[in-house]
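Dock chain to chain to rebuild the complex, using the hints, since each chain is given by itself in its own frame.
Order-wise, the sequence lines are chains X and G.
First residue of the first sequence? That's 1 in our numbering, and the numbers climb one at a time after it.
First residue of the second sequence? That's 1 in our numbering, and the numbers climb one at a time after it.
Check each hint, because a few of them may be wrong.
To be verified - Taking lysine-lysine pairs in the DSSO-like style, the calculated list, with each CA pair at most 27 Å apart, reads:
(1) X:K41 with G:K67
(2) G:K70 with G:K56
(3) X:K41 with G:K70
(4) G:K36 with X:K41
(5) X:K71 with X:K40
(6) G:K70 with X:K9
(7) X:K40 with G:K36
(8) G:K70 with X:K40
(9) G:K56 with G:K67
(10) X:K9 with G:K68
(11) G:K99 with X:K71
(12) G:K99 with X:K44
(13) X:K36 with G:K36
(14) X:K67 with G:K67
(15) G:K99 with X:K52
(16) X:K44 with G:K67
(17) X:K22 with G:K36
(18) X:K41 with X:K19
(19) G:K36 with X:K9
(20) X:K36 with G:K68
(21) X:K22 with G:K99
(22) G:K70 with X:K22
(23) X:K22 with G:K67
(24) G:K70 with X:K36
(25) X:K41 with G:K99
(26) G:K68 with X:K44
Unchecked claim - Chain X regions said to be covered by chain G (calculated; three or more residues, Cβ under 8 Å):
(27) 23-30
(28) 64-75
(29) 96-102
Don't read these hints as lab results, they were simulated from the structure.
Beta carbons are placed, not taken as given, at the ideal position from N, Cα and C, and that holds for glycine.
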Amino acid sequence: DTAVSQTPKYLVTQMGNDKSIKCEQNLGHDTMYWYKQDSKKFLKIMFSYNNKELIINETVPNRFSPKSPDKAHLNLHINSLELGDSAVYFCASSSRTSVVGELFFGEGSRLTVL
Amino acid sequence: GEDVEQSLFLSVREGDSSVINCTYTDSSSTYLYWYKQEPGAGLQLLTYIFSNMDMKQDQRLTVLLNKKDKHLSLRIADTQTGDSAIYFCAEYLSGGYNKLIFGAGTRLAVHP
Chain X
1 DTAVSQTPKY LVTQMGNDKS IKCEQNLGHD TMYWYKQDSK KFLKIMFSYN NKELIINETV
61 PNRFSPKSPD KAHLNLHINS LELGDSAVYF CASSSRTSVV GELFFGEGSR LTVL
Chain G
1 GEDVEQSLFL SVREGDSSVI NCTYTDSSST YLYWYKQEPG AGLQLLTYIF SNMDMKQDQR
61 LTVLLNKKDK HLSLRIADTQ TGDSAIYFCA EYLSGGYNKL IFGAGTRLAV HP
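Only chain G is shown next, with the shape it has when bound in the complex (with noise of 0.2 Å):
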């Protein structure tokens, strides 16, 4: 099936670690993806992991992928206010064209 879950909602203190969870259903999705709204805006690439790889880090970015467990997360450290938007899941179907199916948004609210 296609489907994707995360929580809705995460409140962090500026400076701190903050952590999104997705899980995914399709074992065979190839890619998976971190998409990040701001407020009013489109939805934009925030990083990406394939699915042979357990880790990858970028920046202050770390994405971790289980796939036996068929599930994402991201770590985003000292988080800024900045930060402060709607983070996207989402996983990319094989056998099509660029088909992604995304979670419904973890929104991180980032207080000082």
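Chain X on its own, in the form it takes in the complex (with noise of 0.2 Å):
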């Protein structure tokens, strides 16, 4: 089983589009969170939620909307899609109770944007 599960992999879309990307995780985590990875493969946060409550919003375009419907979802949003938002996005969640930083990664969403 998937603990913490990403849907589409891969996402290629035109400039201008509305696409979203969906995370689940079965661990039971309260905390979780969406990383963008560029292709220099630097890895930055964008958001983190707890217990669906919005904990961390870093500088990211209002373009960029996530939604937690329930602590096992975090799901993200992004309008008018440009070229720079081409990246892999990962999920990932963590529990208070487990190592502190350890964070438990999905497998990664491939945004494309032609």
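Okay, here's the thing in structure tokens:
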């Protein structure tokens, strides 16, 4: 059973479109994250939710809107896609009862904007 | 500031030791980590060290921490082809919810 699963794994779309990436974790964790990994492999945190509440919101354009319907799900919606949005987006989760700083990552969603 | 730096590439021969280095900027970091990313996969926690430790050994892995120089290293003994991956150094920023700052990753290539 996949612990942190993301869909879709690959997404190719045109500039200006709106797209969503979904994430689900079955670990019972209370905190979930979105990270962006660019072509040079830099990994930057975008958002973090704890029990459906937004707790970290880095300097991300407001075209990006996370939504957490419950603590097991964290979705990412992106409006008006731009070329620079092309990246691999990783969802992750963590628990206060596990090792501090131990994040469990999904396999990533590779977004290509043409 | 929030910055973690690593060299981008390391090539070693199978059986040799690999040493991956990292420097970080936040002296208040309480934990430092090494994550491993295999091709097409997400990152996985490999090992971590608490800031009051100088060294941690875990089988083939040795983590060294020089807090004065803010330098962290990961040594892999007897490197195998299965160790080929990208290794990310990360620091934990206190005062927040598990805010990890990652380096750019070091790609380790192991050749016969």
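(message) So, against the hints stated earlier in the document, which numbers end up violated here?
(response) 5, 6, 10, 14, 20, 22, 23, 27 and 28
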